[in-house]
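Assemble the complex: chain A is given as a structure, and chain B must be docked to it using the hints.
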Amino acid sequence: MDQESIPSTKLSRIAALSGAGAKVGVNYLKYYGKRVLGGSDDVIDLHEKNASEIYKTFSELKGGPLKLAQMLSIDKNLMPPAYAKEFAQAQYSAPPLSYPLVARTFRREFGKSPTEIFDTFTQNAVHGASIGQVHRATLGDQTFAVKVQYPGVAESLKSDLNFIKPIALQVLGLKESQIASYIAEVETRLLEETNYTLELERSIELSRRSAHLTNVRFPIYHPELSSARILTLDWIDGLTLDKFADSDASQEDRDRIGQALWDFYDHQIHTLHLFHADPHPGNFLVKDNELWVIDFGCTKQIDATYYRKHFHFLDAQVLEDPALLEECLEAIGVFHGSDSHELRQRVLKICAVSIELLGRPFREGFFDFGDESFIQGIYQLGEDNLHSRDLRKMKGASGDVDGIYTNRAYFGLYSLLARLRSRVQTRLPEWLRELEVSEIETCTDHRRITVA
Amino acid sequence: MTSFCTEIKPIFCPSTNVKVTIAMQTETTSDTLTVRQRLIDAYIDRLREHGSPPLAVYPFCKSLGIGEKDFFSVFPNLDSVEAAFWREQVIHVITAAESGTEWEGFTAKQRALTFFFAWFEHSLEIRSLILLRFSDLGAFENPVWLRGFNQAFRDFAKRTVNHGISTGEIMQRGKLTELYPDGILTAFRNLIDFNLKDDSRGFERTDACIEKSVQLAFELIRSQAFDSTFDLARFLASGFRR
Chain A
22 MDQESIPSTK
32 LSRIAALSGA
42 GAKVGVNYLK
52 YYGKRVLGGS
62 DDVIDLHEKN
72 ASEIYKTFSE
82 LKGGPLKLAQ
92 MLSIDKNLMP
102 PAYAKEFAQA
112 QYSAPPLSYP
122 LVARTFRREF
132 GKSPTEIFDT
142 FTQNAVHGAS
152 IGQVHRATLG
162 DQTFAVKVQY
172 PGVAESLKSD
182 LNFIKPIALQ
192 VLGLKESQIA
202 SYIAEVETRL
212 LEETNYTLEL
222 ERSIELSRRS
232 AHLTNVRFPI
242 YHPELSSARI
252 LTLDWIDGLT
262 LDKFADSDAS
272 QEDRDRIGQA
282 LWDFYDHQIH
292 TLHLFHADPH
302 PGNFLVKDNE
312 LWVIDFGCTK
322 QIDATYYRKH
332 FHFLDAQVLE
342 DPALLEECLE
352 AIGVFHGSDS
362 HELRQRVLKI
372 CAVSIELLGR
382 PFREGFFDFG
392 DESFIQGIYQ
402 LGEDNLHSRD
412 LRKMKGASGD
422 VDGIYTNRAY
432 FGLYSLLARL
442 RSRVQTRLPE
452 WLRELEVSEI
462 ETCTDHRRIT
472 VA
Chain B
106 MTSFCTEIKP
116 IFCPSTNVKV
126 TIAMQTETTS
136 DTLTVRQRLI
146 DAYIDRLREH
156 GSPPLAVYPF
166 CKSLGIGEKD
176 FFSVFPNLDS
186 VEAAFWREQV
196 IHVITAAESG
206 TEWEGFTAKQ
216 RALTFFFAWF
226 EHSLEIRSLI
236 LLRFSDLGAF
246 ENPVWLRGFN
256 QAFRDFAKRT
266 VNHGISTGEI
276 MQRGKLTELY
286 PDGILTAFRN
296 LIDFNLKDDS
306 RGFERTDACI
316 EKSVQLAFEL
326 IRSQAFDSTF
336 DLARFLASGF
346 RR
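Taken in order, these protein sequences are the chains called A and B. Heads up: take any position in the first sequence, counting from 1, add 21, and you land on this note's numbering. Heads up: take any position in the second sequence, counting from 1, add 105, and you land on this note's numbering.
Read the hints as simulated data drawn from the structure, not as lab findings. Quick reminder that beta carbons are idealized off the backbone N, C-alpha and C, glycines included. Incorrect hints may have been included.
Stated by the list, open to error - To give an idea of the chain B side of the interface with chain A (calculated C-beta under 10 Å), a few residues:
1) T206
2) F211
3) F225
Extracted from the complex, chain B is given alone in its bound form:
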């Protein structure tokens, strides 16, 4: 029996504080690394080490011994490199969660919960990056580097909502239903925010917060309150969006 946990663990063992490299980054060796992956790795490494991203393509490529042409053949700009990284994090966790043996039988709510728990387990690996990038991020801010993250999560949320609709767990409400993925994304961002401020042992309070938030969200989905909330949220957000 394989479950998704075997693929993303061992990540963090709270009792011993032992950290182990995540599978995703160990499966590639320097010889087989694609230019794309090398660029992402170098970008993130720099961000982690210096607390700031590379400022220009030329010196960045030069330090890697990669030509500019090769860079622009895979990325249109530097921000897109980071966007690709965040997108991969989300997709990695989604793939891991969806490949769990029990996934098929899960309700939409259980799927959302499973994703969140898996995300925050995985996030321990990149917590310094998340701290760096998400700490000062406004609730409705949507910088370029975050777009891949948002898009990947929205896709997952949409699939989850559709699953919920197909099983009758979530009510189909036409146009309003389309707002649900955005709503779940907002909840996700709030949870990230909560997690960054969480100082409990093993971030246990984040677990409790996930449980309670998702519980509330799915209760609201069944009532009109959810629709009204997100109608308002979207209205407010539209004022800040680019």
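Bound-form chain A, shown alone:
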């Protein structure tokens, strides 16, 4: 109880900042109260109550918390299912910005109001983006999607994160030191997302370098109509990926879109080492049987050394040889020098299971993501890892920070493909195929799970 109870000063600080903080606190106090009094240990109920309170406040706060909520909603292996469910809803529509503020932003950025630049410009946002909102505009016969950022997002981000950090720690039952690097990495990515100039550059770069992919399309970006706070691209009429997934699309169409998605990620991660790290369904549209990638807000670059280390787990040898596995885990910083031998052995076992499961699509060559047992297995794995006392005890705990977004990309990809019920052709990255031939191996593996 001592380690988990909420210090009163912290509680009051949270309470001052948000009703949700207080309510979560109260829910926890009720929970611990019940436990102390010998009541039932209904932790699931507690999670559900908290999730809905936090979600309510996050959706009001917009900006950072909404973004973090989105991120956590995808990184479900870090979240109890109840939270994940509530946060998944955070992916769309935050309350809109007023038109005068949008007009003000335009004047600040371009010295002109939207109607001076465009022939038409919707006063109301057509949909929300997590740190901004999208307006539809026309000029001549062109139609644009104009993304306008909420003012002060970058500034409020840090304080927002500081504010939810204690809640997150409490919810996940972690110590700050364990996830400090995790929070720092998330913060960096979030701050990057507030930089529309960078987003424009990355969008254009990734579009250009991925242009050859079959059935993958990118809208045209308009640098002359973009700035640090405004991003303009061609308007694409299409179904968001989740709507497409829920439609009565044929298996053939599902496979085609799923394959496009797989190829897109495969190319980015294994060839470009620069990838779209925000695979939530709102960032993709399906139009005329092609996949349109419409949001490069969150991208992650990994260097070649890290890449090799991380994807070495796809090598079949790693699963067969515990010493090699340990070496690989050591290389990416999962183990800390002071971790005991017994602890290491138990963690190795957990990691072997993770790697086997997560690398399965790569091994099979042709994989049916419609098989629910696979994605359920991944959720279960996340849940087990979350509750694993061994993983908690680990000093390094978070492993390498670069892995956070790499894992997130794959986790998001798997979730999307499962939702699409796609069947896709998969294959190992080229350098591992060479390795494979030389070792005459057929069975390989990929990916480890980020240890919470």
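Chain B alone, transformed into the frame defined by chain A:
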């Protein structure tokens, strides 16, 4: 297409930190300046330079080569000179906002927001003055120099509320409705206060604060809470007013 922004900009460009003189002060040349305008300009210049207003009419006029009679024909006292300045600032921003092409179609809420955004854009030009005058001003203090400012804003707020009532956006609640302009003025003063303490880049947090405050104010206007709040505020304020 002209919009009000073209008249008050360019004022401040956050990326380059370039400051450009505002239109209002460039349109007059020394030859055509009225005595009234010369007095206001000199008063404000002195206030800006020295951090304190002129103390007496005689030396002030003498330094300008203006006779006392001319002074008193346009202003009853020194404080009124400053009051005229602040009133003009508010009216300048209101005029600029109202002349925007989209103004007619705006709701009361959008009009209030547009004014506030335009005000804080304009205020960058006179931020040192605002810092000097508003920093230590109590929430319910109403010195002579501020009266023109308050009056000009209240008039605008009244027009905005009436617009809201005519479109059904704001509920007519008889006597209580008369309190709304004062309420909006209080909100304005709070925003000025917030802006002076704001240390975010380009005062972005002020923008967010405007958005949230106006959102809240218009939500409250629809409910009884607003009336009760201002009833209380007025009751409390009456104790401090002259």
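Verification of the hints:
{"no.": "1", "hint": "T206", "in the structure": "holds (7 Å)"}
{"no.": "2", "hint": "F211", "in the structure": "holds (8 Å)"}
{"no.": "3", "hint": "F225", "in the structure": "holds (9 Å)"}
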